[in-house]
Amino acid sequence: MKDIEKLIKDSLENHELPYDSSAWNNLSSKLPKTKVVPRINFTKWAMLGFGAATLAISTFLVFTPETNKSNQTVKKQSKEIEKTTPKVENKKTTLPEENLVKTNPKTNKSASNTTDNKISLNTIKEVNQVKNPNENTLSITATPQDNTFNKLNTTLVPLIEPLINRIDKVVKNELKTPSFLTKCQGETIEWENSNVKTIVLKTPSGDLELVRSKEQLKITLNQSGYYSFNSVDQNGELVELKSFKVINSPSISLNFDTELTYENGLPTLKANLETEESKIRWSLNNETIDNFGKNAVIYAFNKGAYELTAIVTNEVACKSTESKTIQIREDYNLLAVNAFDPNSTDNRKTTFLPVALQSRTSPFKMTIFDPNDGGVVFETSDSYQPWDGIDKRDGKIVNSNKVYIWKVILKSPEKDEKSEYKGTIIRI
Amino acid sequence: MEKKEILREIVEGCLKGDRRSQEVLFKQFYGRMFAVCLRYISDRDTAQEVLQEGFIKVFDKLEHFDFKGSFDGWIRRIIANTAIDTIRKNKRSPFLSEKDTDFKQEAVDEMVEKETFDTISLKAEVALDAISKLSPAYRTVFNLYVMEDYTHKEIANILGINEGTSKSNLAKAKMNLQRVLKDKYKNIE
Numbered sequence: 001m002k003d004i005e006k007l008i009k010d011s012l013e014n015h016e017l018p019y020d021s022s023a024w025n026n027l028s029s030k031l032p033k034t035k036v037v038p039r040i041n042f043t044k045w046a047m048l049g050f051g052a053a054t055l056a057i058s059t060f061l062v063f064t065p066e067t068n069k070s071n072q073t074v075k076k077q078s079k080e081i082e083k084t085t086p087k088v089e090n091k092k093t094t095l096p097e098e099n100l101v102k103t104n105p106k107t108n109k110s111a112s113n114t115t116d117n118k119i120s121l122n123t124i125k126e127v128n129q130v131k132n133p134n135e136n137t138l139s140i141t142a143t144p145q146d147n148t149f150n151k152l153n154t155t156l157v158p159l160i161e162p163l164i165n166r167i168d169k170v171v172k173n174e175l176k177t178p179s180f181l182t183k184c185q186g187e188t189i190e191w192e193n194s195n196v197k198t199i200v201l202k203t204p205s206g207d208l209e210l211v212r213s214k215e216q217l218k219i220t221l222n223q224s225g226y227y228s229f230n231s232v233d234q235n236g237e238l239v240e241l242k243s244f245k246v247i248n249s250p251s252i253s254l255n256f257d258t259e260l261t262y263e264n265g266l267p268t269l270k271a272n273l274e275t276e277e278s279k280i281r282w283s284l285n286n287e288t289i290d291n292f293g294k295n296a297v298i299y300a301f302n303k304g305a306y307e308l309t310a311i312v313t314n315e316v317a318c319k320s321t322e323s324k325t326i327q328i329r330e331d332y333n334l335l336a337v338n339a340f341d342p343n344s345t346d347n348r349k350t351t352f353l354p355v356a357l358q359s360r361t362s363p364f365k366m367t368i369f370d371p372n373d374g375g376v377v378f379e380t381s382d383s384y385q386p387w388d389g390i391d392k393r394d395g396k397i398v399n400s401n402k403v404y405i406w407k408v409i410l411k412s413p414e415k416d417e418k419s420e421y422k423g424t425i426i427r428i
Numbered sequence: 001m002e003k004k005e006i007l008r009e010i011v012e013g014c015l016k017g018d019r020r021s022q023e024v025l026f027k028q029f030y031g032r033m034f035a036v037c038l039r040y041i042s043d044r045d046t047a048q049e050v051l052q053e054g055f056i057k058v059f060d061k062l063e064h065f066d067f068k069g070s071f072d073g074w075i076r077r078i079i080a081n082t083a084i085d086t087i088r089k090n091k092r093s094p095f096l097s098e099k100d101t102d103f104k105q106e107a108v109d110e111m112v113e114k115e116t117f118d119t120i121s122l123k124a125e126v127a128l129d130a131i132s133k134l135s136p137a138y139r140t141v142f143n144l145y146v147m148e149d150y151t152h153k154e155i156a157n158i159l160g161i162n163e164g165t166s167k168s169n170l171a172k173a174k175m176n177l178q179r180v181l182k183d184k185y186k187n188i189e
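Chain order of the listed sequences is A and B. So the first sequence is numbered by the numbering used here: it starts at 1 and just counts up by one. So the second sequence is numbered by the numbering used here: it starts at 1 and just counts up by one.
For the record, the hints were derived by calculation from the structure and aren't laboratory data. Warning: the hint list may mix true and false statements.
[Said to hold, decoys possible] To spell it out: a stretch of chain A is covered by chain B in this simulated footprint if at least three of its residues, at any positions, have a beta carbon under 8 angstroms from a beta carbon of chain B; those stretches are:
| id | segment |
| --- | --- |
| 1 | 12-20 |
| 2 | 299-305 |
[Claimed, not checked] The calculated lysine to aspartate or glutamate pairs, modelled on DMTMM-like cross-linking and capped at a C-alpha distance of 20 angstroms, are:
| id | chain 1 | residue 1 | chain 2 | residue 2 |
| --- | --- | --- | --- | --- |
| 3 | A | Lys245 | B | Glu23 |
| 4 | A | Lys242 | A | Glu215 |
| 5 | B | Lys123 | A | Glu240 |
| 6 | A | Lys202 | B | Glu49 |
[To be verified] Pair ranges (Cβ atoms, derived):
| id | chain 1 | residue 1 | chain 2 | residue 2 | range |
| --- | --- | --- | --- | --- | --- |
| 7 | A | Asn295 | B | Ala171 | 51 to 61 angstroms |
| 8 | A | Lys9 | B | Asp43 | 37 to 47 angstroms |
| 9 | B | Ser132 | A | Thr182 | 13 to 23 angstroms |
| 10 | A | Gln223 | B | Ala171 | 33 to 43 angstroms |
| 11 | A | Lys30 | B | Gly160 | 24 to 34 angstroms |
| 12 | B | Lys153 | A | Glu274 | 46 to 56 angstroms |
| 13 | A | Glu5 | B | Asp85 | 23 to 33 angstroms |
| 14 | A | Ser283 | B | Lys16 | 48 to 58 angstroms |
| 15 | A | Asp3 | B | Ser132 | 14 to 24 angstroms |
| 16 | B | Lys167 | A | Gln234 | 39 to 49 angstroms |
| 17 | A | Glu274 | B | Glu63 | 46 to 56 angstroms |
| 18 | B | Arg77 | A | Leu208 | 34 to 44 angstroms |
Cβ atoms here follow ideal geometry from the backbone N, Cα and C, with glycine treated the same way.
Whole structure, please, built from the sequences with the hints as guidance.
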């Protein structure tokens with residue numbers, strides 16, 4: 001029976017989450033810009049430490065003959081140095097990225113700058129000569145970089161090694177998992193488990209998906225939140241290897257008017273999109289149309305299906321799409337009526353001009369033809385001068401119940417609009 | 001002593017602005033510090049942001065580290081303080097006592113339910129999950145008192161509340177934690 005404080009403290013005290021290299025990439029971009037000093041990485045530091053250990057011995061040896069100026073002692077201890085040196089090289093073969101040669105000029109350089117170490121430097125030369133004048137290995141290892149090295153000794157090595165191992169564990173012993181860090185809701189992922197071990201995918205709601213070795217995982221990411229790839233340890237517990245986030249796709253709701261309206265005489269369909277996001281793309285019948293923001297205005301000049309699609313992208317590039325289709329049953333024909341009555345008491349019916357022309361901005365020319373002889377009965381370019389039923393050739397009102405043809409040419413039709421409209425008109 | 005020397009090397013590299021030294025330091029402490037963040041802030045994205053912000057502060061303040069105390073503890077306090085600042089920013093008076101209804105008594109992760117805990121050792125994820133269900137006021141006091149070993153007086157000072165509130169929030173936090181965990185593991189007292 002444990003106290004709750006202790007219970008939780010015990011469980012969380014050393015809690016550690018798996019390393020995520022993208023986190024460093026994120027952070028390093030935020031840190032003040034500095035040049036990357038072309039120097040040893042941590043393993044090399046460890047190496048340096050190792051070198052330092054050897055160095056410490058050398059220094060120790062170097063100083064010893066100072067007090068005991070016996071040539072014999074120097075020789076004897078040089079042998080010990082020789083013993084130590086191969087150890088360094090041995091290490092070199094196990095850690096290929098270490099580069100002694102690279103490290104050496106640096107240490108040499110700093111040593112040559114050190115003025116207060118003259119004695120030891122001289123002694124090094126001395127020792128070198130005693131040992132082997134042609135070999136310079138000793139000068140490499142025995143060059144003190146700074147005084148702290150004097151304090152280091154061979155016990156350093158076992159202390160560093162667990163550190164290296166630990167880093168290696170993090171870096172190298174990771175089981176393979178997919179490299180992505182985020183996905184959008186609704187996406188499907190495919191991944192083959194190339195590991196020997198079974199990998200378990202855990203969904204945000206806690207469902208588990210086993211992916212055995214060499215098996216293929218194919219899953220649609222329906223839930224938003226964190227999915228994780230886990231391995232199973234000896235106790236059958238999941239150990240998280242890597243997690244990735246499934247991001248909510250932007251929420252959208254498309255309202256598409258089902259009825260045409262005739263603003264400015266144009267056959268208008270209006271759509272409105274409800275969404276938090278601002279990156280909106282529209283397409284009509286699979287063709288991208290100009291950006292309208294959250295509101296789209298479409299002109300439906302022809303009958304047929306109008307499929308409007310809104311594609312919304314959020315800041316992490318997750319998309320949501322919604323489409324709506326509206327059927328338009330009739331071609332647009334400038335809202336022209338097919339009959340008029342000059343004797344009507346209703347002023348609106350006494351003359352003829354396609355209704356749309358009264359409010360459209362485009363200049364136009366309307367011509368009325370006599371279908372019998374093709375003669376021009378009437379012409380106008382002014383929406384305030386509709387056809388009053390007079391045949392301009394004889395100045396008389398045309399016969400009733402006779403079909404005439406009207407033709408309108410628009411000087412500046414809308415985009416995708418034809419410039420010529422035709423129809424028939426009967427005088428009642 | 002020797003370990004300190006290595007640390008000193010890394011720290012000196014960081015102070016020179018050496019990216020690789022910074023990366024080594026970050027790598028070394030990432031896992032533990034992210035866990036610390038998650039104790040305060042359950043949303044992983046926000047926790048990740050706090051971690052980043054915290055590390056920027058760590059690199060910034062690194063020259064003040066005197067190598068006398070534990071480096072781990074030094075970093076952890078910076079990270080914890082960053083987390084507290086974030087909670088503070090997001091809500092007015094977040095550390096005052098709250099209604100008990102603030103505690104969401106949802107079931108602990110289903111997967112965990114299946115496990116037996118005869119020996120009473122709590123999986124970190126379960127503990128974290130239980131803590132994440134506490135309100136910020138309870139959670140922060142619990143973390144500072146239990147995990148970071150601050151006294152109620154210090155907590156009161158950090159959070160700008162009085163000692164009494166700190167004590168009562170801790171008690172309520174423990175009560176709530178017990179309630180959630182007790183259902184699962186009958187032998188916790």
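For this session: Against the earlier hints, flag every one the structure doesn't satisfy and list their numbers going up.
Result: 2, 3, 6 and 8
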